[in-house]
Amino acid sequence: MHEGIDSYLAHKLSLAPAVENIQKILEIGCGSGAWAIQAAQTYPQATVIAIDISPLPPRPLPPNMEFLQLDVTETLPFEVESFDIIHVRFVFVHLPNGKQVLENIVPFLKRQGWLWIEEADSCLYEDGPQGLGPSLQLFNKNHLSYSRSKNVDAFFASSIVSSIQELGNFSEVNDIGIKCPTNGKDNDPNIQVIGQALYTSFHRALTGSTALKWNAAGITPELMEGVFREAEDPSRSVYFNLHMTWSQKK
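Residues 1 to 250 (the working numbering) make up the sequence shown, in order.
Just so you know, the hints here were simulated from the structure itself, not pulled from any lab data. Idealized CB from N, CA, C, for every residue including glycine. Be aware that one or more of the hints could be misleading.
[What the hints assert, rightly or not] As a list, the in silico SDA-like pairs of lysine to any residue whose alpha-carbon atoms are at most 20 Å apart:
#	residue 1	residue 2
1	179	233
2	250	20
3	12	197
4	141	202
5	150	197
6	110	215
7	179	9
8	99	70
9	179	3
10	179	137
11	249	16
12	185	147
13	249	103
14	99	121
15	249	197
16	249	101
17	179	161
18	249	123
19	141	215
20	150	165
21	179	1
22	99	213
23	99	145
24	185	3
25	213	192
26	12	192
27	110	75
28	179	237
29	185	161
30	99	24
31	141	228
32	110	228
33	110	21
34	24	104
35	250	82
36	250	79
[Unchecked claim] If you anchor each label on the Cβ, the simulated ranges turn out as follows:
#	residue 1	residue 2	range
37	96	162	29 to 37 Å
38	185	60	31 to 39 Å
39	106	69	20 to 28 Å
40	210	134	21 to 29 Å
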């Protein structure tokens, strides 16, 4: 996943303008640690703290990077206004009470600091005239029902700009929406790469160790077969709705 987005960003950390005099960076939900490592290498004078609820896979880390195993839905052990940049990628779509978590992390950002977020809705869309196929329609319906039962916003990405603006403590909120195809069809090869990475992650989530959870939510193996068939159909235009935001605090 990181490689696809890194390629789209032309190996930059964000779409935000260049930021100077960076002392401290926080990444929330760091996963493999790839972005945090890149940030530590980009800003060798800064301290980069990466957190995730799961352990970091064994890998060499830059000397200015630190990993902490923490749950972002709980109280975090950081000082108020201590970070120049806070980065979050594909986290809120998994969290209950995502807007509250967003509100809770903003105080850790310094004045004039930057909040960088990349997020995708967990339901799928169709850009073609025929609309979503029956399997994808049923998937969206069942997935949305399951997400709501867990107080998770499946459309967090679509409302991310308004969620940040409602906080009232950002001087600017910038956003770009990207339609990432599930079948690899796009004129931009970088968007093709992101779409394939998102689809691979989506496929893995439905068929891996969490398959029983989805089955209980009404997303059965039979439904999954139909979802994959429609998502991969070259005659369709199924896509993930990805948003990249960069917002500066007042």
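Original post:
So which of the earlier hints does this model not fit?
Top reply: Numbers 5, 6, 12, 15, 18, 20, 22, 25, 29, 30, 32, 37, in rising order.
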